[in-house]
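K.L.:
Protein chains in written order, with the working numbering: chain A, 1 to 350; chain B, 1 to 350; chain C, 1 to 350; chain D, 1 to 350.
Everything labelled a hint here was simulated from the structure, so no lab data went into it.
Be careful, since some hints might not be right.
What the hints assert, rightly or not - Here are the simulated DSS-like pairs of lysine-lysine, each with C-alpha atoms no more than 30 Å apart in a straight line:
#1 205(D) to 309(A)
#2 309(B) to 309(C)
#3 82(A) to 61(C)
#4 116(A) to 61(A)
#5 82(A) to 116(C)
#6 82(D) to 61(B)
#7 116(B) to 82(D)
#8 309(D) to 309(A)
These numbers come from a predicted model, not from an experiment.
Number of protein chains: 4
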Amino acid sequence: MIPRTMRALRKIDASHGFALQEVPVPEIGPSDVLIRVRKVGICGTDAQIYQWNHWAQRRVKPPMTIGHEFMGEVAATGAAVKMARVGDRVCAEGHISCGVCFLCRTGEAHICEHVKIIGVDTNGSFADYIAMPESNVWPLDPAIPDAWAAVFDPLGNAVHTVMAAHVSAKSVVITGVGSIGLMAIPVARAAGAASVYAVDVNPAKLALAVSVGADATFDARDPNVIAEIVQRTGGVGADVLLEMSGAASAIDAGLAMVRNGGRAALLGIPSDDVNLNLAERIIFKGLTVLGINGRKMFETWYQTETLVKSGRVDLRPIITHDLPFERFADAFNLMRSGEAAKIVMEVSTT
Amino acid sequence: MIPRTMRALRKIDASHGFALQEVPVPEIGPSDVLIRVRKVGICGTDAQIYQWNHWAQRRVKPPMTIGHEFMGEVAATGAAVKMARVGDRVCAEGHISCGVCFLCRTGEAHICEHVKIIGVDTNGSFADYIAMPESNVWPLDPAIPDAWAAVFDPLGNAVHTVMAAHVSAKSVVITGVGSIGLMAIPVARAAGAASVYAVDVNPAKLALAVSVGADATFDARDPNVIAEIVQRTGGVGADVLLEMSGAASAIDAGLAMVRNGGRAALLGIPSDDVNLNLAERIIFKGLTVLGINGRKMFETWYQTETLVKSGRVDLRPIITHDLPFERFADAFNLMRSGEAAKIVMEVSTT
Amino acid sequence: MIPRTMRALRKIDASHGFALQEVPVPEIGPSDVLIRVRKVGICGTDAQIYQWNHWAQRRVKPPMTIGHEFMGEVAATGAAVKMARVGDRVCAEGHISCGVCFLCRTGEAHICEHVKIIGVDTNGSFADYIAMPESNVWPLDPAIPDAWAAVFDPLGNAVHTVMAAHVSAKSVVITGVGSIGLMAIPVARAAGAASVYAVDVNPAKLALAVSVGADATFDARDPNVIAEIVQRTGGVGADVLLEMSGAASAIDAGLAMVRNGGRAALLGIPSDDVNLNLAERIIFKGLTVLGINGRKMFETWYQTETLVKSGRVDLRPIITHDLPFERFADAFNLMRSGEAAKIVMEVSTT
Amino acid sequence: MIPRTMRALRKIDASHGFALQEVPVPEIGPSDVLIRVRKVGICGTDAQIYQWNHWAQRRVKPPMTIGHEFMGEVAATGAAVKMARVGDRVCAEGHISCGVCFLCRTGEAHICEHVKIIGVDTNGSFADYIAMPESNVWPLDPAIPDAWAAVFDPLGNAVHTVMAAHVSAKSVVITGVGSIGLMAIPVARAAGAASVYAVDVNPAKLALAVSVGADATFDARDPNVIAEIVQRTGGVGADVLLEMSGAASAIDAGLAMVRNGGRAALLGIPSDDVNLNLAERIIFKGLTVLGINGRKMFETWYQTETLVKSGRVDLRPIITHDLPFERFADAFNLMRSGEAAKIVMEVSTT
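Start from the sequences and build out the full structure, keeping to the hints where you can.
P.N.:
In C-alpha cells, the structure reads:
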C-alpha cells in the first residue's frame, strides 16, 4: 500500500541547509511511474544547494525536494504506461526533456533546451517516493548492486565523456578526480584507453585514482606536470583530455597537455568566465573540443550497463560512504570536507 | 635560362615596410623544385610583417623574403624529383612539414609541430623564383585561372574550415568576412550549406558577402544580431559557426548563435587571450569546437580543385585588385585601409 | 464532423488488384491522431502488392488498406496528444516503431526490429482517414506544396541515402533513377555533391535525370560505362555510389565505379541473392558500404524540410502525374508501363 | 661488412615449393635502406605461393624472393635517407605505395592502386637482406621482442580491422580465428571491446581463442550458433563483426549475427564470388560494412606499438613455432596441417 505522506529532504527557504519534512506522496499522470526510493547518491550540485551558493540562489526556487541520483522499485504506474510494472527494480534519467523539440526528435534529448532537472527544477529523489515519466525510467539488470545503481547518473556523466572522447588505444589525461573523475578512470580503461594519467590537488583523491587504475598521478601545482605528461606520451602530448574539474587553471593546463590534433572533452563546469589563449591552446593545435552535458538518452545508459556488467568497472573504492538517510547532515559535512569521494544514502531497505 | 640573381620583396631589418632587392636565385636540393613565380597573393600575415607588429617581431628573423601565396611554372628540378617537370604550371602548400613525426606519418602534416612556413620562417614567394620540396607542389588544372591559383592557400583555409564543419544541409553563420570569410561563403554553398549568414562590422565587406551568395548579412554591432540569427534558424540557432575574425566579441557572439549540439570551427586568430563563459557557450550546449590550422595535405587541395572546377565557387568578386609587383607599397596601403578584399600581384608575365 | 465510414483502397484477398471499399473510419487511441487524407503518393511497394508478387504474398495479410505516402489534415486527437491540433496540416512517418527497444532508445528507431509499416503490416493511407501515433506525425511548413508533402516518405529515403553517403564536394554515381533515384539527384546537388552521374536502362528516366540536374547520364547496358565514369572522375572512380535500382548487375557495376576508399549507400532492394566478388569489389578497395532503410526519425525529416525550403530541390519534373483517387487503376497501369516517374493521387480537396 | 651475396628463399619457377638460393644482396637507391633480416613471419599468402594455387599463378612472376613479414637491423642507408641509421632495429610496412596518387596524398596509401607488395610483386624478406624505401621503415621500440616485431604486419591487419570497427564498449564476434583472427581477440579487448565471441571450425584454434581472451567460442557448424550469439548479446545481435575467415558461409552467418545498425569489418578474402542476401543481411539492417586492406600508414603502426606496449596484447600463445630459417619446409608443412597458429623463422642471430 502506498501511504499518503512521506519523508522528503527539502530546501524550504533561501537559507543554508535542508529540512527533512513529511509531505504528500506525489501524484502520477497517465504516462508516469511512481518509484519507491531505496538508495540515493549525493552530487556536488546537491551540496551547492545545501550551501545555497550563487548558482543555487539563481536557479532553485524553494520549497523543493532535492536530489537526482537514486534507485528503487516501481510502486505504481499510470494508465498509459507500457512496459514498467509494479515491483520492477529501476533507476532513472534525471533530465526530463520536452520530447517534441528539434533536439529531442533528433536523438539529442540530453541537450533539449527545455529540460527540467529533478531535484533542481522540480521535486527530486531524496524522498520515500518520486514520480517519473516512464520514458525516463531505466530497468536495472539484477547483476548491478543497489549502491552502484544509485549513482548511474554521475557514472553516466563519466561514460558519456569518455565515449565522446574516443579513448580506444589512446593516452588519456583526466584533470580533476572528484567522484566523476575517479569513475572516468576505470571507464576509460574498460573503453580501451592505453594509458590514463590523473591530475588533481587532493592527495587522497590521487591515491584513490591509482587504486582504480590510473597509470600515474600528478599534483596539479607541480610546475613540471605539463612537461612530464608530454614526456610520457611520446613527446607529443596526450591524445585525449577529460576535463572534470571546472577549474580555469586545469582547463588551461589540460589543453596544453594535449597533442596537436587531439581531443578534449569538457565536463567540469567553471564557476566564472575562463581566460584562454585560444590561438595556442585550440586553434593552432587543431584540437577538437567537446562540451559534455548529461547523458545521451539512452545510448549512454546502455554503455554504462555494458561496462559495469563486463566487470571492468569497479565502483567499490569510489563509493566511500553508505549512510542512513537520517544522517544527511553528516553526509553534507563529509562532502564539504573533501574526505568523501562518493556518498550514497539508504532511504529504505524494502 | 635561369639567371643568377632575382628580385625579392624582403624584410631587411626590424622596422616598418619591405624592400625590393636583388638577391641570388635560391639553390635546390635533390628533392626540390625551383618555381618561376608568376602571380602572388597578399595575406593579412604579410601585412602584419610589413607593419612589424608584436607577433611579427617575435616570429620573423630578418632578413627574409616575404610571401606564401603564389603560383608559377617549374623552372628546374632536383635529381630525385619524381613527377614535376620543367614547364609544369603549379602552386604549392606553403607549410613545410618535417615528414617524419607522428603527425606527419598519420595524415596530419598540417599540424606538424616542426612546420616551417615560407615567407615567415624561411624565404618566401614574393620573388622571381622560389625553391620548394616536390612533395609540397600542387600541379594546376588548366581550367583554373592564374589569379585564382595564386590564392589557393587562403582559399584552402576556407575549404578546410568549411569541410571540417560539415555544412551539408545545415545553416551556417560566418563571423568575419575578410578575404577568407568571403571565400567561405561560396565554398559553404557549394559544399551544401542550406543557408549562409555573414556577420561583420565593415559594410563594404557585407555587401561583397551578399554578392558571393550570403542569404543575409548582419552588422556585428547590432544588439539584436544573436536573436535575429536564432529566429532565422528555426528558433534554435545555427547548426554551424565558421569563426574567421579572431575578434573576442565575435567568438563570444558566434558561439551564442550556434544551437545546442552544433559545431563551431575557429580559424580566426585572436591577438590576445579570450575571456569566455565556457559553461554557457560550450559545455551546457554540448558544442563541438574545432581549431583549424592550414590546409589538410592534400585532401583540402583536392577539395579546393574540385569545388573550383565545379563552377560553384567564383572568386572574381573577392579578388578586388590585381597589381604589378612593383606597386607593392600601394598594395599594402590598400590592405591597411580595408578597401581591398583580396589583392594579387603579378610578378612576371612569362 | 467525422463520418462513420470512409472510402479505402484495399487488398481484399490473395489475388491481383485492389478494391475501393466503404469501411469504418479508424478509431484512435489516447496517443493517436486521426488524419483526413488529402493527397497520397504511389510507391513501387504498392505496385508489388497490387500485382501480388512473391514478396507481397509472403508479407501482406489481406484484407488490408494499402498505401504509406500521404499528407492531410488533423481531424481528431486522442486525450494524451500533446502538440497536434485539429486542422494542422501534416504528413507522417509510415514506420511505426516499438519505442522501447535498444534501437528505438538509441536514436535508431528507423531500424527497430519490431517496426510495422502502414499499408503493409497495418491499415494504410489510401483512404479518407488514417490513424497515426502522434509521435509519427510531421507538421508541414506552409511553404511546402501538398503534392510534395505527399511524397515526403520517398523523398526522405533519397535524403537519408544522400546524407549517409557524405556527398559534400564529392563525385556521385546513382545507379537506378526511378522516382527515388531521380529525387536523389537534386538532393545530392543541394547537399553539396560536386558532380552527379546517373545510370539506368530507361531513356525517359535518364532524360528526366538531366532535367533535374545530373551532369551526365549513361545507359547501364553500355559496356564502356564503368570506364567512362572512372575517366570523368580523375581516373580513380567516383567518391560515392547511391545504389537505387536493386538490380544485381547495377550493384556489381556500381561498386566497380567507386574509387578505393569510397562510400556506397545501398537503398535498392534486390529481389534475390546477389553474387558478388567481395574481394575485388569491397575488401581490397577498402570501401564503406551502407545499408539504408527508411528515414532517420526525425533527423531525415528536418533535413528534407530544410532542403525543400532552401529552394534547391524541385520535385515538379519528377511528379509526372496527379490523378483523382478514383483513377487508381490507371495509376497502377502507368506505374507498370514505366511511363510515370512519381504519381500522386488526390483523395480529397478539403 | 655487407657481403656480395646472400641466402634467399625463392619461387624459382611455376611449380610447387621454394628453393633456398644464393643471390646477390640487393642494391639500394638514394632513398632506400638495406636491412639485415633477423626474424620473419610466415603468412597464409606465402603458403599459397608455396603451393602455387590459382591466385599465386595469376599474381606472382617467378623467380621471386618470397616473404613480407620481417624485422632486422639497418645495414646501409642511401644518400638521401633522413632518419634511419645503420644499426637501427626496425621492421617495415610491406606495401610499397606510389606516393603521388590521390590516395597516397590523402592519407590512404594503404589502398593505393599502384601498390607493390614485397614477396609478391617484388623481392621479399625471406633472405639475409632486403632493400626498403626509408618511408616504409618502422623503428622498433626496445620493449618489443624480435618475434613480435617480425609479425607486426599481420598484427597490424588485426589492429586496422579492430580500430575501423569501433569496438569500444561493444560486443564483438570474430568469424575465423587463424593467426590474424587470434591476434584480433586481445587487440579487441585492449581496444575496449566489452565482450568477444570467436567462431571457427578448428577446435584447437578455438581453444587458443579462449586462452587469449575470448569470452566464449562456437563451432561454426553448430546450427544454433547465430541464435546463441543473439541471445548473449541482449537478444539483438552483436554490435560488431570482424570477418577473418574469407569463407562464404562465415560471411553470411557473421552478418546474420550482427544487430541492426551494427558494423561489419571484412578482412578475410573469399577465394570466389559470394552469394549474399543483401536485402536481409545488409540493407534492411542498416549495416555498415567495411572492406579492410593492409594497415593504415602509419596510424595503424602507432596503434599497434601502443597496444603492445600497454601490456594488454600478448602474442606468446599465438606464436606457436619459432624455427630456424633452414627448416622452412617443415614450417610450410606445419602451416598446411593447421597445427600451427603463427610460425616465425630465425634468419640470423646477429
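K.L.:
Could you run down the list of hints and mark each one as holding or not?
P.N.:
Hints versus structure:
no.	hint	result
1	205(D) to 309(A)	holds, 27 Å
2	309(B) to 309(C)	holds, 27 Å
3	82(A) to 61(C)	holds, 26 Å
4	116(A) to 61(A)	holds, 13 Å
5	82(A) to 116(C)	holds, 17 Å
6	82(D) to 61(B)	holds, 26 Å
7	116(B) to 82(D)	holds, 17 Å
8	309(D) to 309(A)	holds, 27 Å
In this structure, none of the earlier numbered hints is contradicted; all agree with it.
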